[in-house]
Amino acid sequence: MTDNAPKAAPADFEQATAAADQTVASFDTHGRGPLQKLQHFLHNFPTTTPLLVLVLAVLVFGYFGAPRFLLVSTLSIILAQVTIIAMIGVAQTLVILTAGVDLSVGAITVLVTVVLGGLTVGDNAFLSGPLALPVGLAVGLLCGAINGALVTYVRLPPFIVTLGTWQIYYSINLWYSDSATVRAQDVEDAAPILQWFGNAIEFGGARFIYGSVFMVLLFCVAWYVLNWTAWGRHVHAIGDDPEAATLAGIRTRRTLLQVYMAAGGICAMAGWVLIGRIGSISPAAGQSANLDSITAVVIGGTSLFGGRGSIVGTLLGALIVGVFRTGLSISGVEVLWQDLAVGVLSITAVTIDQWIRRVSA
Amino acid sequence: MSAPAAVLSARGLTKRYGRVTALNHADFDLYPGEILGVIGDNGAGKTSLIKVLNGAVVPDEGEIRLDGQVVHFRTPEDARNAGIETVFQTLALSPALSITDNMFLGREIRSQGILGKVFRKLDRGAMERIAREKLSELGLMTIQNIAQTIETMSGGQRQGVAVARAAAFGSKVIIMDEPTAALGVKESRRVLELIKDVKRRGLPIVLISHNMPHVFEVCDRIHIHRLGRRLCTIDPRLHSMSDAVAMMTGAMAPPAVAETV
Numbered sequence: 001m002t003d004n005a006p007k008a009a010p011a012d013f014e015q016a017t018a019a020a021d022q023t024v025a026s027f028d029t030h031g032r033g034p035l036q037k038l039q040h041f042l043h044n045f046p047t048t049t050p051l052l053v054l055v056l057a058v059l060v061f062g063y064f065g066a067p068r069f070l071l072v073s074t075l076s077i078i079l080a081q082v083t084i085i086a087m088i089g090v091a092q093t094l095v096i097l098t099a100g101v102d103l104s105v106g107a108i109t110v111l112v113t114v115v116l117g118g119l120t121v122g123d124n125a126f127l128s129g130p131l132a133l134p135v136g137l138a139v140g141l142l143c144g145a146i147n148g149a150l151v152t153y154v155r156l157p158p159f160i161v162t163l164g165t166w167q168i169y170y171s172i173n174l175w176y177s178d179s180a181t182v183r184a185q186d187v188e189d190a191a192p193i194l195q196w197f198g199n200a201i202e203f204g205g206a207r208f209i210y211g212s213v214f215m216v217l218l219f220c221v222a223w224y225v226l227n228w229t230a231w232g233r234h235v236h237a238i239g240d241d242p243e244a245a246t247l248a249g250i251r252t253r254r255t256l257l258q259v260y261m262a263a264g265g266i267c268a269m270a271g272w273v274l275i276g277r278i279g280s281i282s283p284a285a286g287q288s289a290n291l292d293s294i295t296a297v298v299i300g301g302t303s304l305f306g307g308r309g310s311i312v313g314t315l316l317g318a319l320i321v322g323v324f325r326t327g328l329s330i331s332g333v334e335v336l337w338q339d340l341a342v343g344v345l346s347i348t349a350v351t352i353d354q355w356i357r358r359v360s361a
Numbered sequence: 001m002s003a004p005a006a007v008l009s010a011r012g013l014t015k016r017y018g019r020v021t022a023l024n025h026a027d028f029d030l031y032p033g034e035i036l037g038v039i040g041d042n043g044a045g046k047t048s049l050i051k052v053l054n055g056a057v058v059p060d061e062g063e064i065r066l067d068g069q070v071v072h073f074r075t076p077e078d079a080r081n082a083g084i085e086t087v088f089q090t091l092a093l094s095p096a097l098s099i100t101d102n103m104f105l106g107r108e109i110r111s112q113g114i115l116g117k118v119f120r121k122l123d124r125g126a127m128e129r130i131a132r133e134k135l136s137e138l139g140l141m142t143i144q145n146i147a148q149t150i151e152t153m154s155g156g157q158r159q160g161v162a163v164a165r166a167a168a169f170g171s172k173v174i175i176m177d178e179p180t181a182a183l184g185v186k187e188s189r190r191v192l193e194l195i196k197d198v199k200r201r202g203l204p205i206v207l208i209s210h211n212m213p214h215v216f217e218v219c220d221r222i223h224i225h226r227l228g229r230r231l232c233t234i235d236p237r238l239h240s241m242s243d244a245v246a247m248m249t250g251a252m253a254p255p256a257v258a259e260t261v
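The listed protein sequences correspond, in order, to chains A and B. Residue 315 in this note's numbering sits at position 315 of the first sequence, with consecutive numbering throughout. Residue 66 in this note's numbering sits at position 66 of the second sequence, with consecutive numbering throughout.
Rather than coming from a laboratory, the hints here were simulated on the basis of the structure. Remember, it's a predicted structure, so these values are computed and weren't measured experimentally. Each residue gets a CB set at the ideal place from its N, CA and C atoms; glycine is no exception. Some clues are possibly wrong.
Per label pair, the in silico range of CB-to-CB distance [as the list claims (entries may be wrong)]:
no.	chain 1	residue 1	chain 2	residue 2	range
1	A	D189	B	Q112	48 to 54 Å
2	A	A206	B	T152	41 to 47 Å
3	B	G155	A	N44	20 to 26 Å
4	B	F119	A	V72	53 to 59 Å
Stretches of chain B that chain A covers, calculated by requiring three or more beta carbons in the stretch to come under 8 Å of a beta carbon on chain A [as the list claims (entries may be wrong)]:
no.	region
5	76 to 85
6	115 to 122
7	126 to 140
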């Protein structure tokens, strides 16, 4: 069991590599086919695809569909139509970046609208519009906090948590509102501020509601936070590899809780805008928002596996869905084919995402 | 010649998980400027020892001293703030983020003035400059693009980024857990050179490894861990690898006289 020259031993077996190529892991940038170059490009600039699809869709519908599609007025209508989904898409993007999903976003949005209506309109109303708004925001934050607490502290999968809270928030919404719609006229009389986002800036035949402007501002804020603050980088890191994020010193659970609360808060704002957009308050509104927001996020190139994606992509994704629906509708295509088109778009988007993710392999 | 004061030392560390005793009154000493190897069979408690030293686990008993002062680490952040950096076996890098983002993950630099204080804006320029500086110091600037994401890099390069991160922020001690385990022969060589580089810059290193040739090549002393405690510390110049393996598996008694530094 004695080895008289231990120091010589380590070098010995490595002698064999002396004749080998001594470069360690150099970068192999040549020898890529055009397809791989495209793959790398998309990997570095993931919003390229949705942007191209959007521009192409607008041109195709304008050229082959109906010429009036290209009118600024039509495009401004599309923008108004996608405002709510795009706003909820911001909330959804935050959650999906952490490798989660929030199925309760639609229910939170509607719950906030009926709470705002219940507090200000009708026999039991006891708050003025401006005072009801903070309460609505608090309801959204609370709903998000419940989701976040169940995900982070009880450690349940986000899908199950939000599937459950979706039903719960929706039931509370029906109970609180007595399943009754508040008429637009009543809202206008009691709390006109709730409809404020429905006001519009008009020029050149186009009609931009305040809500759409607010939505774009929300995207700017979200983009800044995700890309230019430490918190935003932490959100990406947690979705990418939660264990690595924890070891690197990120307070994973606190950040996750904040993400779900932010999502709830954004949904509350979307609720306010929703009242402005449709005027009335209906407990049945916005039920498709869950899946539509996920569709927008996915078409926008954000990965359902977390960690990578872009908030700008979500805006593009929401616009693409809007352009397809309106374009097909103007071209006289039935609603069922619109749904089919959106389905095909989603699956294609995820397929492209999978392909891009394999870039490093 | 009296021995220099230990940078990091521990006495009587004990950690039990139910009926399993992971650490049984373990001692530990790390002296200035040295590379200390920590070896031990699977289940000997190496990992528990390291986790106690870097704050990931709070011991049931025992005390840790850093520069002679008793410290109580409750979280890895505490240990980091005290100047102890760890390069984890899993590296703790986020694949989709850039080199710079990873190096500063959890300790980002904010801009000066109102942009940083109110809007919490990151100072990307400063972070990139420092990241490039640190990588160059360790001769790692074959990594050309600092905005490159980790997932596009080789195993050795990733290890390099993790080591550079530890070297950039560790002011007292760097702990490395199996830094060569996942690497090929040539990449391991690069990482070993990197470890020696870090040592030359004056930082003491704790190297946990199963790779005897690597441990014997770079370490100044070797701490042999067995059954939850320090069996002995040996001088790699006086013992062979087979001696070390025999001691850590219990086939050979440790040297009777403690070997000096």
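Structure-based check of each hint:
1. A:D189 - B:Q112: 48 to 54 Å: At 51 Å between Cβs, range holds.
2. A:A206 - B:T152: 41 to 47 Å: holds, 44 Å
3. B:G155 - A:N44: 20 to 26 Å: Cβ of B:G155 to Cβ of A:N44: about 22 Å, so the range 20 to 26 Å holds.
4. B:F119 - A:V72: 53 to 59 Å: violated, 34 Å
5. 76 to 85: holds (count 3)
6. 115 to 122: holds (count 4)
7. 126 to 140: Since 0 is below three, the answer is violated.
When the structure is compared with the earlier hints, violations turn up for hints 4, 7 and for no others.
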